[in-house]
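K.L.:
Model the full assembly from the supplied sequences, consistent with the hints where possible.
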Amino acid sequence: MKGLGARHIALALLAFLLVWAAVVATKVPPSEAVRSFIDGSMGGPAAWRQTFREMTPLVVTGLAVFLALRAGLFNIGADGQLTMGAAAACHFALAFPGPTGLWLGSLAAMAAGAAWALPAGLIKAYRGGHEVISTIMLNNVAGFLTVWLAAGPMRDMKQQSPTTRLLDKGSFLPNLVEGGPFRLSLALLIGILGVAILAFWLKRTVAGYELSATGANPSAAETAGVNVRAVTIKAMMASGAIAGLAGAFLVQAFEHRFYANFSPGYGFDGLGVALLSGGSPWGLVPSAFLFAVLSSGTSSIQLTGVPKGLNGILLGLLIMVFASVRYRRSRTVGD
Amino acid sequence: MHGVSQTFGSVRALQEVDFVASSRAIHALVGENGAGKTTLMRILYGGLQPDSAEITIDGSPVHFRTSAEAIRAGIGMVSQHYSIISELTCLENLMLGAEPSWALNKAAAERRASELARQMGYSFEWKAPAADLSPAGKQKLEILKLLWRKAKIMILDEPTAMLSPGDSDALFASLKQLAEQGATVIVVTHRLPEVVEHCETVTVLRAGKLVASKAVRDTNLMELAELIVGHSVATSSYEALERRETLFRATGLTVKGYRGDDAVKAADLEIAEGEVVGLAGVDGNGQRELFQAIVGRAKVKAGSISFAGSDWTKRPPSERLADGLRLIPEDRHAEGVIDDWSLTENAALGLQRRHGFARGPLIDQKGRWAAAQHIADRFRTKHGGLNAPMKSLSGGNQQRFVAARALESETRFIIAFQPTRGLDIDGTALVYGAIREECRKGACALIVSFDLDELIEQCDRIVAICNGSVVQPGSGLERDRAAIGRLMVGAT
Numbered sequence: 001m002k003g004l005g006a007r008h009i010a011l012a013l014l015a016f017l018l019v020w021a022a023v024v025a026t027k028v029p030p031s032e033a034v035r036s037f038i039d040g041s042m043g044g045p046a047a048w049r050q051t052f053r054e055m056t057p058l059v060v061t062g063l064a065v066f067l068a069l070r071a072g073l074f075n076i077g078a079d080g081q082l083t084m085g086a087a088a089a090c091h092f093a094l095a096f097p098g099p100t101g102l103w104l105g106s107l108a109a110m111a112a113g114a115a116w117a118l119p120a121g122l123i124k125a126y127r128g129g130h131e132v133i134s135t136i137m138l139n140n141v142a143g144f145l146t147v148w149l150a151a152g153p154m155r156d157m158k159q160q161s162p163t164t165r166l167l168d169k170g171s172f173l174p175n176l177v178e179g180g181p182f183r184l185s186l187a188l189l190i191g192i193l194g195v196a197i198l199a200f201w202l203k204r205t206v207a208g209y210e211l212s213a214t215g216a217n218p219s220a221a222e223t224a225g226v227n228v229r230a231v232t233i234k235a236m237m238a239s240g241a242i243a244g245l246a247g248a249f250l251v252q253a254f255e256h257r258f259y260a261n262f263s264p265g266y267g268f269d270g271l272g273v274a275l276l277s278g279g280s281p282w283g284l285v286p287s288a289f290l291f292a293v294l295s296s297g298t299s300s301i302q303l304t305g306v307p308k309g310l311n312g313i314l315l316g317l318l319i320m321v322f323a324s325v326r327y328r329r330s331r332t333v334g335d
Numbered sequence: 336m337h338g339v340s341q342t343f344g345s346v347r348a349l350q351e352v353d354f355v356a357s358s359r360a361i362h363a364l365v366g367e368n369g370a371g372k373t374t375l376m377r378i379l380y381g382g383l384q385p386d387s388a389e390i391t392i393d394g395s396p397v398h399f400r401t402s403a404e405a406i407r408a409g410i411g412m413v414s415q416h417y418s419i420i421s422e423l424t425c426l427e428n429l430m431l432g433a434e435p436s437w438a439l440n441k442a443a444a445e446r447r448a449s450e451l452a453r454q455m456g457y458s459f460e461w462k463a464p465a466a467d468l469s470p471a472g473k474q475k476l477e478i479l480k481l482l483w484r485k486a487k488i489m490i491l492d493e494p495t496a497m498l499s500p501g502d503s504d505a506l507f508a509s510l511k512q513l514a515e516q517g518a519t520v521i522v523v524t525h526r527l528p529e530v531v532e533h534c535e536t537v538t539v540l541r542a543g544k545l546v547a548s549k550a551v552r553d554t555n556l557m558e559l560a561e562l563i564v565g566h567s568v569a570t571s572s573y574e575a576l577e578r579r580e581t582l583f584r585a586t587g588l589t590v591k592g593y594r595g596d597d598a599v600k601a602a603d604l605e606i607a608e609g610e611v612v613g614l615a616g617v618d619g620n621g622q623r624e625l626f627q628a629i630v631g632r633a634k635v636k637a638g639s640i641s642f643a644g645s646d647w648t649k650r651p652p653s654e655r656l657a658d659g660l661r662l663i664p665e666d667r668h669a670e671g672v673i674d675d676w677s678l679t680e681n682a683a684l685g686l687q688r689r690h691g692f693a694r695g696p697l698i699d700q701k702g703r704w705a706a707a708q709h710i711a712d713r714f715r716t717k718h719g720g721l722n723a724p725m726k727s728l729s730g731g732n733q734q735r736f737v738a739a740r741a742l743e744s745e746t747r748f749i750i751a752f753q754p755t756r757g758l759d760i761d762g763t764a765l766v767y768g769a770i771r772e773e774c775r776k777g778a779c780a781l782i783v784s785f786d787l788d789e790l791i792e793q794c795d796r797i798v799a800i801c802n803g804s805v806v807q808p809g810s811g812l813e814r815d816r817a818a819i820g821r822l823m824v825g826a827t
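As given, the protein sequences belong to chains B and X, one line each in that order. Every letter in the first sequence is one number past the one before it in our numbering, and letter 212, counting from 1, is 212. Heads up: take any position in the second sequence, counting from 1, add 335, and you land on our numbering.
Hints in this document: simulated from the structure, not taken from any laboratory. If you're wondering where the values come from, they're calculated on a predicted model, not measured in any experiment. Any given hint could turn out to be false.
[Claimed, not checked] Distance ranges between label pairs, derived from CB positions:
hint	chain 1	residue 1	chain 2	residue 2	range
1	X	Gly338	B	Ser324	30 to 40 Å
2	X	Gly619	B	Val147	53 to 63 Å
3	B	Gly309	X	Asp712	52 to 62 Å
4	X	Arg400	B	Val28	42 to 52 Å
5	X	Pro464	B	Ser324	27 to 37 Å
[Stated by the list, open to error] Here are the simulated DSS-like pairs of lysine-lysine, each with C-alpha atoms no more than 27 Å apart in a straight line:
hint	chain 1	residue 1	chain 2	residue 2
6	X	Lys591	X	Lys649
7	X	Lys544	X	Lys600
8	B	Lys203	X	Lys701
9	B	Lys234	X	Lys600
10	X	Lys726	B	Lys203
11	X	Lys701	X	Lys649
12	X	Lys544	X	Lys701
13	X	Lys634	X	Lys649
14	B	Lys169	B	Lys203
15	X	Lys649	B	Lys234
Even for Gly, the Cβ is constructed at its ideal location relative to N, Cα and C.
P.N.:
Okay, structure coming up:
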């Protein structure tokens with residue numbers, strides 16, 4: 001990315017003013033809103049715990065979407081794949097208490113996520129049907145299916161709401177740091193490790209090269225001997241598997257059970273995280289962190305009377321400003 | 336235009352160039368790849384801001400900050416890559432960006448379009464999608480787009496690069512007509528015979544400097560060639576080949592075309608080790624489908640393809656590449672390169688699994704870098720570093736890179752579609768020289784071109800393709816211009 005021009009600074013200022021206006025419109029003193037925002041996201045161990053908790057599924061779903069994007073696929077279905085993964089992970093953890101349930105659940109979550117992405121991959125590869133449409137539809141199927149699971153076969157009848165019983169402690173994903181109000185789950189470390197692995201795989205392996213070629217120019221890739229269909233299907237499945245793993249992490253590290261309407265939209269936020277990450281997988285980490293700060297900050301700001309919807313305004317503006325900087329028309333060099 | 340200078344980073348694309356064109360005439364602008372022709376024209380068209388320039392039109396100074404301003408001043412440009420959008424109809428393409436008003440009156444627009452077409456002696460199915468147009472049809476539509484915008488100064492960048500000889504002649508007839516009606520026509524071209532035959536004045540650029548500007552009647556082909564290149568052109572020599580083992584063999588090959596009919600019909604073709612075979616034909620006679628079938632991207636309906644004893648008919652492109660098939664595709668941007676990627680990354684495209692580019696599942700970083708260096712140096716590709724994106728290169732330099740890549744590693748069969756598209760005399764000689772060298776070492780080559788003269792000059796023998804059928808000229812006539820010309824148009 002080249003240096004920022006006056007126009008970009010003006011754009012950022014304009015975005016800032018819009019947010020300011022939104023806060024002012026709620027009649028909450030802006031200074032109080034800002035203080036509450038910072039306190040809720042980074043002000044003390046409990047706030048940090050909340051921010052890192054939010055960041056974990058975002059890194060992993062961001063990773064899932066990023067991989068698909070590299071292959072030229074817009075995986076809007078990460079949310080459904082995540083939900084299916086969470087349900088599968090929960091089922092196996094309940095059926096096999098202890099570490100076995102943790103391992104089997106993780107594998108089952110990846111398989112479930114991959115299976116949920118597979119139809120979209122097949123439709124894209126063999127019929128040219130757009131993955132945005134098919135994955136959105138699969139999201140809805142996953143949503144209703146898991147509501148039924150949580151309210152029916154998997155339900156703990158002792159509970160008021162449609163939810164499963166709690167997992168056995170032995171099936172929890174352990175925390176790296178556990179002391180007082182601050183906690184840091186192993187899941188976040190695994191997510192960041194995943195980022196490192198993807199970065200290496202894309203840059204340094206022939207398979208990563210062929211996947212990137214498919215995404216950048218499928219016709220040129222095919223001419224260069226890449227099996228574009230196979231890459232498309234595999235990339236979609238891998239993306240689904242990673243999103244499924246995000247669902248497993250939510251169950252194993254944070255919620256310890258599965259319930260109806262499980263995901264508050266982590267799959268969709270993962271899309272924003274991936275788009276904001278720029279060209280490199282490493283961008284996913286700060287990008288997910290930023291999303292997490294905004295999420296925990298705006299949760300806390302609600303207490304002062306600002307609606308949670310501010311989160312959406314902030315993210316939307318952020319992505320637009322970023323896109324205008326990154327995707328502006330590049331000047332080409334002449335003959 | 337007077338004293339035009341332009342630099343890109345450390346590259347001085349133009350230095351103090353003067354260019355004059357008067358109305359009612361066709362002017363040629365010639366020079367090697369990277370000589371600065373397109374840059375000069377883009378400055379005139381407002382697409383680039385020069386470091387310094389005085390531009391006057393009809394005696395009054397002008398300064399265009401954008402192309403829109405240039406269009407308003409009556410300047411129009413048809414670039415090397417047509418700007419026709421396949422999904423739109425011909426009429427929509429014609430109006431795009433210059434709609435008469437915000438509410439479209441298609442009937443009135445169609446009347447005016449038909450009137451313009453009639454003046455030029457063209458006919459268009461206005462409601463048909465532009466995807467159905469042949470290259471010549473697209474070129475005609477581009478010219479009508481200029482007229483639609485009331486352009487007085489018309490710039491055409493390599494207008495005949497994709498046209499058959501007959502279409503090229505028709506194009507120049509159209510341009511002559513426009514000039515007679517008062518237009519100023521500027522043609523950027525590599526094809527010197529066109530200049531001598533059709534243009535009134537010619538301006539020669541070399542390495543960003545003005546070399547000559549003179550009336551065409553005061554010069555000749557040889558002088559122009561010397562002015563452009565600046566050093567003597569290497570001429571390739573031919574020695575008669577003894578017939579050797581047949582490497583490539585297509586038997587009864589039938590390939591379905593985009594429109595559902597058979598684009599290639601029961602074609603037989605054999606190429607022996609060491610041979611450079613030319614495939615001559617008018618554009619749209621099945622060359623593209625034959626090319627894709629050999630590459631492995633088009634499904635073979637009947638017949639077979641084999642190479643060096645292995646049956647390729649049902650094998651995927653990757654296995655054919657592993658056998659030594661190397662490509663110089665027709666459409667570089669769609670099939671040959673990835674514009675946003677660096678030269679190094681593009682160097683591996685198609686060779687990514689070959690020795691020197693991969694070590695097991697991993698990319699051989701050092702090997703790839705060295706290969707990219709070698710590919711870039713081979714045909715003297717001008718570039719701004721191997722990490723620069725492919726799109727930062729001029730069209731001709733991209734072509735040099737793609738051609739060199741096809742010859743880089745374990746090449747056994749080169750199939751090239753218009754390999755010298757956008758290349759100058761020097762580049763053409765280098766590329767063909769290298770192809771011949773590779774064939775002398777045991778490879779073979781099939782060259783598809785619409786330029787019969789080029790094929791006669793460069794190939795060992797030529798076969799023609801006409802309406803999907805591959806026809807061999809009689810014995811002793813393999814390089815006979817008249818004989819092959821007749822086969823190309825289906826006359827026997």
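K.L.:
Does each hint hold? Answer for all of them.
P.N.:
How the hints compare with the structure:
Taking 30 to 40 Å as the suggested C-beta distance range, the pair Gly338/X and Ser324/B conforms, at roughly 37 Å. Our hint of 53 to 63 Å for Gly619/X and Val147/B holds, since their Cβ atoms are close to 57 Å apart. Hint check: Gly309/B to Asp712/X, Cβ distance near 59 Å, so the stated range 52 to 62 Å holds. Evaluation of the 42 to 52 Å hint for Arg400/X and Val28/B yields a pass: the beta carbon distance comes to about 46 Å.
Distance hint check for Pro464/X and Ser324/B: the Cβ-Cβ separation is about 33 Å, which falls inside the suggested range of 27 to 37 Å. Restraint check for Lys591/X and Lys649/X: the C-alpha separation of about 15 Å stays at or below 27 Å, so the hint holds. Restraint check for Lys544/X and Lys600/X: not satisfied, since their Cα atoms lie roughly 50 Å apart, outside the 27 Å limit. Between Lys203/B and Lys701/X the CA atoms are separated by roughly 14 Å; this keeps the pair inside 27 Å, and the hint holds.
At most 27 Å may separate the alpha-carbon atoms for a hinted pair to count; Lys234/B and Lys600/X exceed this at roughly 37 Å. For the suggested pair Lys726/X and Lys203/B, the alpha carbons sit about 20 Å apart, so the restraint of at most 27 Å is met. Under the criterion of a C-alpha separation no larger than 27 Å, the hint pairing Lys701/X with Lys649/X is inconsistent with the structure, at around 35 Å. At roughly 38 Å between alpha-carbon atoms, Lys544/X and Lys701/X are farther apart than 27 Å, so this suggested pair is violated.
At most 27 Å may separate the alpha-carbon atoms for a hinted pair to count; Lys634/X and Lys649/X meet this at roughly 8 Å. Distance restraint check for Lys169/B and Lys203/B: the Cα-Cα separation of roughly 39 Å exceeds the 27 Å cut-off, and the hinted pair is therefore not satisfied. This hinted pair checks out: Lys649/X and Lys234/B have alpha carbons roughly 23 Å apart, not beyond 27 Å.
The structure fails to meet hints 7, 9, 11, 12, 14 from the earlier list, while all remaining hints are met.
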